[in-house]
Amino acid sequence: VDRALYESIASASRELIYSHTIAPISSHAWRVPARHILRLTTPEGPQVGDLNIWNFYNPRERLWASRTRQLQRAHVTTFDRLWSTLPYLRPLVTIVGDSLGDRGITRVHDLLGTRCDPYVNKLLTGLDYDYHCHSNLVRAVLPLGLTEFDVHDVINVFQVTGLDKEERYFMEPSPAVAGDYLDLFAEQDLLCALSTCPGGDLSTWGWAADGEAGGVVNSSDCCRSIGVEVYKIIDEKNVLKSWEGALDPGHGYSGLHGIHMKESRARIN
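Position one of the sequence shown corresponds to residue 1 (full-length UniProt numbering), numbered consecutively onward.
No lab work stands behind these hints: they were computed from the structure. Quick caveat, the model's predicted, so the values are computed rather than measured. Fair warning: there could be bad hints in the mix.
[Said to hold, decoys possible] The following label-pair restraints were derived from C-beta to C-beta distances:
no., residue 1, residue 2, range
1, Gly179, Ser13, 17 to 27 Å
2, Glu244, Val120, 38 to 48 Å
3, Gly145, Ile234, 29 to 39 Å
4, Pro87, His260, 11 to 21 Å
Even for Gly, the Cβ is constructed at its ideal location relative to N, Cα and C.
Please build the complete structure, drawing on both the sequences and the hints.
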C-alpha cells in the first residue's frame, strides 16, 4: 500500500457531507461515495459495531472477512484494507485512521469472529431474541432491496478478541472511550450497514454455551450509540492525484476455471 498517499488522505482537510447516530441495539444503512472518508465513532464510550460493506451498484461484491484476514491480519488497523469477494477480490476500503491503534491497543477491529445471530442463540440457549446483529442488519438493508441472504460476515469494529491456548475464540470488553474513531477511505462506491451490538461494550457478554443470550438480557446498560460520518476531501484533485482508483475485478484473470467450451459442448451432445 502507498503509505504516503494514505497519510496524505488521512491529514487532508475534509467537509462533512453526512452524519447519523445509530442508537443502541439498532442498525443503519448508508452510502459512501468512492474517494470519500467514512468515520465511525464511539461518541458516548465503548460500544462494539458489526459492519457490512457492499459495492453500491453490485451487492454480490461485498466484504470477504476470511480473505481479508489472510491478506492483512486478524485485527486490522491503519493501512490495512478490507477486501471483496470472488470473482472481484479488490479493496473496498483502506483504513486511514485508528485512534485505538494510535494508543498502542491491539487485537481490536476483529475479523476472527462474526455477527451474533438468532440461530446460534437458539442452538445454544433455546431462547428467541430478535435484535442480534444479524437481525439488525437484515432490517437495515431490507428497504434498500437487499435481503437476509445479502448479510455477510462482518468486521467487528471497536471489538477485542483472540484465541486462547486451546485455540478457542474469546472476547474482551471494548477498550474504546468517548471520541474514539476508525477512518475508512472508500476505494469504490459503497453501501454500508452497521449494527450496534446488543452485547454493548461486551463487559457482561462473553462467548460460551450460554453467552449469546445471557449477555443480551443483562447488557442494556452497557449499550451505547455509534456515530457515522462521511467526509469529502476538499482538495481532492491534488490529494488524490496518485490514487489509481478501484482495481480491475479479478485482476485480469481470463481463465474459465478449467472449463473448455469445446469439451463442454461435446459432453452435452
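Hint check:
1. About 20 Å separates the C-beta atoms of glycine 179 and serine 13, a value consistent with the hinted range of 17 to 27 Å.
2. The hint said 38 to 48 Å for the Cβ distance between glutamate 244 and valine 120, and at roughly 41 Å that hint holds.
3. Range check, glycine 145 to isoleucine 234: Cβ separation about 33 Å, and the 29 to 39 Å hint holds.
4. About 18 Å separates the C-beta atoms of proline 87 and histidine 260, a value consistent with the hinted range of 11 to 21 Å.
When held up to the earlier numbered hints, the structure conflicts with none and fits them all.
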